[in-house]
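Participant: These are the residues of each chain, in order.
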Amino acid sequence: MTDAPGANGAEPLLAVEGLHVAFHGPDGAVEVLNGVDFALARGEVLCLLGESGSGKSVTLRTILRLHNPKRTRVSGAVRFAGQDVLGLGERAMSQLRGGDIALIFQEPATAFDPVYSVGRQIVETIRRHKSVSEAAAWARAVELFQRVQIPSPERRLRAYPHELSGGMRQRAMIALALSCNPSLLLADEPTTALDATVQIQILLLLRRLQQEYGLSVIFVSHDIGVATEIADRIAVMYAGRIVEMGPVREVIRAPLHPYTQGLLGSTVRKGMRARRLNAIPGAPPNLAALPPGCSFAPRCPHAEPRCTAAVPEPIAPAPGQLVRCIRAPLA
Amino acid sequence: MSGAPASGAAVPLLAVEGLKKHFPILGGLLRRPVAWVQAVDGIDFAVAPGETLGVVGESGCGKSTTARLLMHLVAPDAGTVRFGGRAINAPGGIGLSELRRQMQMVFQDSYASLNPRLTVADTIASAPAGHGMKRADAQRLAHDLLARVGLEPALFLRRYPHELSGGQRQRVNIARALALSPRLLILDEAVSALDKSVEAQVLNLLLDLKDDLGLTYIFISHDLNVVQFISDRVMVMYLGRVVEIGPVEAIYAEPAHPYTRALLDSMPAMDPDRRTTEPPLSGDPPNPINPPSGCRFRTRCTFAEAVCTAREPALDTVAGAKFAGHHAACHMARAGSGHSKAPAPGAGGDSANPVTAGARP
Ligand SMILES: Nc1ncnc2c1ncn2[C@@H]1O[C@H](COP(=O)(O)OP(=O)(O)OP(=O)(O)O)[C@@H](O)[C@H]1O
Ligand SMILES: Nc1ncnc2c1ncn2[C@@H]1O[C@H](COP(=O)(O)OP(=O)(O)OP(=O)(O)O)[C@@H](O)[C@H]1O
Ligand code: SF4
Ligand SMILES: [Mg+2]
Ligand SMILES: [Mg+2]
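Just so you know, the protein sequences line up as chains R and P, in that order. Note that the first sequence covers residues 1 to 331 in our numbering. Note that the second sequence covers residues 1 to 361 in our numbering.
A few of these clues could be false.
Stated by the list, open to error - Below are the BS3-like pairs computed for lysine-lysine, each with C-alpha atoms no more than 30 Å apart in a straight line:
id, chain 1, residue 1, chain 2, residue 2
1, R, 270, P, 322
2, P, 341, P, 322
3, P, 341, P, 210
4, P, 341, R, 270
5, R, 270, P, 210
6, P, 134, P, 20
Quick caveat, the hints were computed from the structure, so don't treat them as lab data. All figures in this text were calculated on a predicted structure; none of them were measured in a lab.
My request is simple: use the sequences and hints to build the entire structure.
Facilitator: This is the structure in structure tokens:
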């Protein structure tokens, strides 16, 4: 769909630079993001792929500044459409949330208040961001429900969240997210809790809406198949860092980082029958006590002394590709 | 005999007939049943010794209820379960405590199923101790089983559940399930909560254990790739019924039920150049409270005809099946059913499978 940002010289819609996030806990601060860098072009879909605890959700939540500032230490930069997001005032920030930047997530139940109809909540969201009449906002809500392919939209708008099925609630949440014409959609595992036949419906819907509206999307997933269905580019996260990033084809077919290689090698695919898998040994590291140097070194079959001496710098083996491994080929 | 194991073993390890469980939905001031959830609605299947039966189907189709019925954690409304040829909880049959020694279960939520106040050693040793094993012997068994599931006993015996990772906890759960030397292990989404890199480790462990101990598995999962990987035969459920069962090759290469085909086609592509373009099914699975008449799948089925509303298709041998023991509950799979795509009565075995016709290359 789009070239990697920078490839055509255009200003990216979103740029995240050197992002560090630490949470204060009873045992001191725990660094959960250890320098995250990426840029997102207009109309591009980037998938953050990684295992539990790798920092995918924290990355999204930091872009929207949803963490409690008293308990969180953030450094680095987030630039969105020319604005310095981390420096914005609280009012400008709340205009951005649910306005220009929308968020959808795994459990739509938490996006809606159970005591109001979904239509009422969409109308309110629209009117909070735009001065339009109640009737105009309602008409817009009906149109949105049609866009997300909810049958009988008028009736469904009057329903309470619990009266909708799982797939329908997810569509309603997408409609809510689109209600203020965002340019950036942050999607945190929006299909993970859905049944297989419903998941593919929602993925195809998101792909269509993304194209129709020219949305930029950051899609978080731990499922390689889902990432392959939706992403232009994939960024693989491990222990709070992006260890590999590149176009979906390259990452899936010729992964460069040993972690990505291990992840692909240990994923059961169609047609595989009972033979031992090449599992990655061990488990992801404890973030409170990260190993020195490359965080993957303790599990890596290629680790050598250089790996633990310092965190490997990102290398660009080809334009638009990036990998943090000392063994990576140079361009 | 629908659902008989393909292996033709004389006595299946497990034989299930007409198993049924409806849960009441209570309402009104008197908390009387106002409706019934048809969680499991009359299912038949069998499992041969040493085989792995995979169970798939969408959320709420009755997979876990089936597992709990087999373990007798909930009492069935109707039906019989035989273990090694003996009826369960019937005169002259197999008692519950004996059954739970022979049949063990591992759940998805590895944390909730472990007692936070017991060490790993005591967790594994408690069931054998409860069955009268001497304390020292039970502790030695815990040591051996921990090594067996790939956890260094010296490092892990004294740990508590909160000191373990998800994959380590699931290994402890498996060790605990093995402590009474069961013959059948029911794994209900046992690897679903694990990260992919850890899931692979646990799947390897399950393969090794099966080889070494001659175990029989019932493997419940929503991940069709993992089910194909581990199963000898696969059972597909929809709204409390078995819609298809057969050898893994038959189910994945020659699905005879449109629901099975749709499930398979709903799997993400894993190839950026062959992305899915059309959703195989629309809408959500209907509610098991008032399932549709006739074929329960007809409301989402692209092949549905009048006969599908009028009559419920029985689970029976697929007409022209290429694999022995391949059964499906669809009018298209039955010669002379009245469905326009069903083979004519007496037709040979070479009739085209309407469900796979036009399959994705
Ligand atoms: N508000 C918080 N306070 C303290 N620690 C947090 C907070 N939010 C997240 N963390 C920790 O930060 C790390 C990264 O969490 P994050 O939610 O980003 O993981 P994730 O990649 O989204 O994983 P998952 O796939 O499980 O959703 C984890 O160790 C998590 O426990
Ligand atoms: N104790 C219970 N009381 C009432 N309804 C129940 C009970 N247990 C299960 N059900 C209902 O029975 C149906 C089948 O549930 P079951 O847990 O067997 O499904 P499942 O196939 O295991 O689904 P999942 O994939 O979500 O685990 C569901 O509609 C469920 O809500
Ligand atoms: S019996 Fe009819 S409705 Fe049911 S699956 Fe077969 S064709 Fe479809
Ligand atoms: Mg997350
Ligand atoms: Mg279940």
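Participant: Would you check the hint for residue 270/R and residue 322/P, treating anything up to 30 Å between C-alpha atoms as holding?
Facilitator: Cα-Cα ~21 Å, so holds.
Participant: Take the C-alpha atoms of residue 341/P and residue 322/P, compute the straight-line distance between them, and say whether it is at most 30 Å.
Facilitator: Given that 30 Å is the threshold and the Cα spacing comes to 18 Å, the pair holds.
Participant: Need the status of pair residue 134/P, residue 20/P: alpha-carbon distance at most 30 Å?
Facilitator: Violated, at roughly 40 Å.
Participant: Run the distance test for residue 270/R versus residue 210/P: straight-line Cα separation, threshold 30 Å.
Facilitator: 22 Å, holds
Participant: For the pair supplied as a hint, residue 341/P and residue 270/R, confirm whether the alpha-carbon distance does not exceed 30 Å.
Facilitator: 29 Å, holds
Participant: Straight-line Cα separation of residue 341/P and residue 210/P no greater than 30 Å?
Facilitator: Violated. Residue 341/P to residue 210/P sits at ~41 Å, over the 30 Å cutoff.
Figure legend: structure checked against the earlier numbered hints; hints not met, in rising order: 3 and 6.
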